Amino acid sequence: MNLVASAKIPTRNIDLRLSLSAGETVAVMGPNGAGKSTLLAVLAGLIRPDHGSASLNGKTLYDDGAWLPPHARGIALLAQDALLFPHLSVLENVAFGPRSAGASRSAARQAANRWLQEVDAADLAGHRPSRLSGGQAQRVAVARALAAEPALLLLDEPLAALDISVAPVLRRTLRRVLEGRSAIIVTHDVVDALLLADRVVIIDGGRIVEDGPTRSVLERPRSRFAAGLAGVNLLTGTTAAGGLHTSTGLQLAALTEEDLPPGKDAAAVFSPRAVAVHRLRPTGSPRNVFSVTVTDLEQHGPRTTVRAGHLSAEITTASAADLDLLPGTGMYFSVKSAEVTVYLL
Amino acid sequence: MSGSYSGIPRWVLAVAAAGALFLLVPLAAIVLRVDWTRFGALVSSEPSRAALLLSLQTSGTSTALCVLFGVPMAFALARTRFRGQRVVRALVLLPLVLPPVVGGIALLYTFGRQGLLGESLRILGVDIAFSTAAVVLAQTFVALPFLVLSLEGALRTAGTRYEAVAATLGARPTTVLRRVSLPLVGPGIVSGAVLSFARALGEFGATLTFAGSLQGVTRTLPLEIYLQRETDPDAAVALSLVLVAVAVLVVALAHRIHEGTGP
Amino acid sequence: MMRRARQAAGAVVVLSLSACGSGGQARETTLNVYAASSLQVPFEEIAEEFEAAHSGVDVQLNFAGSSDLAAQIRAGAPAEVFASANKATMEQIAAEQLLASEPRPFATNVLTIAVAEGNPLGIESLASLAEPTVSVVLCAPQVPCGSAAGDVQELTGVSLTPVSEESSVTDVLGKVSSGQADAGLVYVTDAAAAAGSVDSVPFDAAAQAANVYPIAVTGTGGDLAADFVDLVTGVQGQRVLAAHGFGKPGR
Numbered sequence: 040m041n042l043v044a045s046a047k048i049p050t051r052n053i054d055l056r057l058s059l060s061a062g063e064t065v066a067v068m069g070p071n072g073a074g075k076s077t078l079l080a081v082l083a084g085l086i087r088p089d090h091g092s093a094s095l096n097g098k099t100l101y102d103d104g105a106w107l108p109p110h111a112r113g114i115a116l117l118a119q120d121a122l123l124f125p126h127l128s129v130l131e132n133v134a135f136g137p138r139s140a141g142a143s144r145s146a147a148r149q150a151a152n153r154w155l156q157e158v159d160a161a162d163l164a165g166h167r168p169s170r171l172s173g174g175q176a177q178r179v180a181v182a183r184a185l186a187a188e189p190a191l192l193l194l195d196e197p198l199a200a201l202d203i204s205v206a207p208v209l210r211r212t213l214r215r216v217l218e219g220r221s222a223i224i225v226t227h228d229v230v231d232a233l234l235l236a237d238r239v240v241i242i243d244g245g246r247i248v249e250d251g252p253t254r255s256v257l258e259r260p261r262s263r264f265a266a267g268l269a270g271v272n273l274l275t276g277t278t279a280a281g282g283l284h285t286s287t288g289l290q291l292a293a294l295t296e297e298d299l300p301p302g303k304d305a306a307a308v309f310s311p312r313a314v315a316v317h318r319l320r321p322t323g324s325p326r327n328v329f330s331v332t333v334t335d336l337e338q339h340g341p342r343t344t345v346r347a348g349h350l351s352a353e354i355t356t357a358s359a360a361d362l363d364l365l366p367g368t369g370m371y372f373s374v375k376s377a378e379v380t381v382y383l384l
Numbered sequence: 003m004s005g006s007y008s009g010i011p012r013w014v015l016a017v018a019a020a021g022a023l024f025l026l027v028p029l030a031a032i033v034l035r036v037d038w039t040r041f042g043a044l045v046s047s048e049p050s051r052a053a054l055l056l057s058l059q060t061s062g063t064s065t066a067l068c069v070l071f072g073v074p075m076a077f078a079l080a081r082t083r084f085r086g087q088r089v090v091r092a093l094v095l096l097p098l099v100l101p102p103v104v105g106g107i108a109l110l111y112t113f114g115r116q117g118l119l120g121e122s123l124r125i126l127g128v129d130i131a132f133s134t135a136a137v138v139l140a141q142t143f144v145a146l147p148f149l150v151l152s153l154e155g156a157l158r159t160a161g162t163r164y165e166a167v168a169a170t171l172g173a174r175p176t177t178v179l180r181r182v183s184l185p186l187v188g189p190g191i192v193s194g195a196v197l198s199f200a201r202a203l204g205e206f207g208a209t210l211t212f213a214g215s216l217q218g219v220t221r222t223l224p225l226e227i228y229l230q231r232e233t234d235p236d237a238a239v240a241l242s243l244v245l246v247a248v249a250v251l252v253v254a255l256a257h258r259i260h261e262g263t264g265p
Numbered sequence: 556m557m558r559r560a561r562q563a564a565g566a567v568v569v570l571s572l573s574a575c576g577s578g579g580q581a582r583e584t585t586l587n588v589y590a591a592s593s594l595q596v597p598f599e600e601i602a603e604e605f606e607a608a609h610s611g612v613d614v615q616l617n618f619a620g621s622s623d624l625a626a627q628i629r630a631g632a633p634a635e636v637f638a639s640a641n642k643a644t645m646e647q648i649a650a651e652q653l654l655a656s657e658p659r660p661f662a663t664n665v666l667t668i669a670v671a672e673g674n675p676l677g678i679e680s681l682a683s684l685a686e687p688t689v690s691v692v693l694c695a696p697q698v699p700c701g702s703a704a705g706d707v708q709e710l711t712g713v714s715l716t717p718v719s720e721e722s723s724v725t726d727v728l729g730k731v732s733s734g735q736a737d738a739g740l741v742y743v744t745d746a747a748a749a750a751g752s753v754d755s756v757p758f759d760a761a762a763q764a765a766n767v768y769p770i771a772v773t774g775t776g777g778d779l780a781a782d783f784v785d786l787v788t789g790v791q792g793q794r795v796l797a798a799h800g801f802g803k804p805g806r
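Residue numbers (our numbering), protein chains in the order written: chain Y, 40 to 384; chain F, 3 to 265; chain E, 556 to 806.
Keep in mind the hints are simulated off the structure, nothing from the lab. Given the structure is predicted, the values throughout are model-derived calculations rather than measurements. Certain hints may be false.
[As the list claims (entries may be wrong)] Examples of chain E residues toward chain F, derived with CB under 7 angstroms:
id	residue
1	Ser622
2	Asn641
3	Ala695
[As the list claims (entries may be wrong)] Coverage of chain F stretches by chain E, computed from C-beta distances (three or more under 8 angstroms per stretch; other residues unrestricted):
id	segment
4	138 to 149
5	163 to 169
Glycine included, every Cβ here is placed at the ideal spot set by N, Cα and C.
Using the sequences and the hints given, assemble the complete structure.
Here it is in structure tokens:
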């Protein structure tokens, strides 16, 4: 076991136990205020729990008597905002961890350049953080966290503040750098859980209510929260040129960063929000179009989820009314290839 | 900015203009009252030059002391929690609202020859009575709260998120302070120091009460002005204008630094 | 809304006028006397005697440093009598045609050595102030008590090295009573008023450098002001001044 932790904070209604194997990435999900960020702050050493203990690779982080300050823990925290030090250049930001660990200026710069390359941001080295876009800044923040060579990496909704057009690209980068790394990622997006994590932990009311391999939690949800998450569109099949050939015979186009070898077991995910609903088959743009029969409508305020078998779309309630949707109606779902992520299983 | 709706009634602007005139007309009155034919001679006389030089030296030293002690004080107030913090904060900022002469009396009974610490200091061979050091003490006493207050505000606005990130990247508290906290609030420190300098430069009451008045040793520019008024009102006016000019310069500098940090 | 505010303002004006009226009935005439700070105690007594002798007259006393008072008179303050602590200030005012009568000397004040209570250093003369171990505070030469201190040094040949030259007698007394300084030169009247916090050591040469106080009716003063000047320079006034340590001017 890499990480073994327990924490009780009665005033915040927190009572958590969590363990992590070496090289394992865990996605922590749950409703707002469930205690996800508190868990990360406790592990990083920013909040001291009232009771509990934790150790990382045999080193005690805290117990009823001892408490290791954040800088001595070897745990890096990547937040929703990049929080790059505004007075330092991109390179100096990334070199901050190595410098703090005692590396010489030149060694730290070398390490920083290497990590910037790792996240495809080498060209940003000389920039000031204020000149970066949100996606670029978060990319640099990832490099900065990794450059500290943490034994455990904590990510607190790292993609939540990014444009929907930027998030998938950085998600792929994260998938690459998190491979084989001990990490805990707090996320609201089930796509993150599927793509980045080996395991999903659902926290609700300060307690862990579900814990298991990502796919089994999503396919056989036991908690209400996990059941809600299962709304993501997940198709399995084998890789084919430019996308996925599903086991049900559909051909899915996807934009993939790296070339996937064909004929491998893979899955494609896309958010219900990325799905458009049409009465007539849309023509023109290269989109994935599925002919479906509406099985269920679920209205929650201004938005409505349209379910059709194992696929679902989330559209505004107004457009659902315009389309005159009823269970049993034949419809077309479409999704842009850029919104579809394909990954190897 | 230009042409956008301000939503401020005109009468508010009228009252604001009246308030501004109240502050500006006396300054204009000084300028109008200056005897320009003698101005150069008046401000360059031996006592005047000695007073200006002493003022600049002591204010500079006081400002350095304010930064040395004020920065840690601001951090302690803004970034830690301890029992009685509110009371401590209120007491530390007290010299802001205290009449300076009261500050002078308080210093007299602390560092004076028969004061709380004065006798112990005397045994150690340190006698600050009527010395330039006494002037620096008086100025630091009244100026320190300015730096603490302005920096504490800057620290609260900045928050601690960057510090938390730095710590999780492996930086020790001293490294975090040196490489993250101080650079981030650097402009706040500079503008606080400029305010402190201005306050020290204008210090009169505490110096008069505590340090005395002797040319080249304890008689700073405000004390010189007060004394010149007895016999040569023209010299007092001329020196007042010099002090106003230095103050304007300092405020403008502080303003520029503040503007420079804007997004 | 506007009208109501104006009515309210009107009511306030009426109220304050009536308040003035009722107060003014008891004392119809006021006499404005501007006097040097050191004269405060004797002049308050003299003013009471003057009011007792002139029913319906209210003497308004304004005490400040002589040069401050002179500046106020130049700026048009309603002074009717001006009593200065030194001749020079009075002469300036006279030269500016702001007086209605010839200034008359009415009192003298001499310097004395103020020391801490009990005179712990055993200071006996002006010469002992010149010792390097004794820290002495003087008035600055620009103010009357400082010019008197200069005169005394010149007369006696004793040269003092002050640790501070204060702007007022009060500041000199403060430094001595707080123990910051060992001794200071102040007027006997000031030392007398501060008895209890400082002791006074008289010295011979002081009388030769006596400070003369002149008094005069200013340009705005009339018969009543002249009466007040007469009272101060007359037997009654001189008795009160002497009781507070002031000397009689030689003719």
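We went through each hint and held it up to the structure:
1. Ser622: Given a least distance of 5 angstroms, the restraint on Ser622/E holds.
2. Asn641: Hint violated; Asn641/E Cβ to chain F Cβ min 11 angstroms, cut 7 angstroms.
3. Ala695: 5 angstroms, holds
4. 138 to 149: With 0 residues closer than 8 angstroms to chain E, the segment 138 to 149 of chain F misses the three-residue bar; violated.
5. 163 to 169: Since 0 is below three, the answer is violated.
In summary, the structure is inconsistent with hints 2, 4, 5 from the numbered list given earlier, while agreeing with the others.
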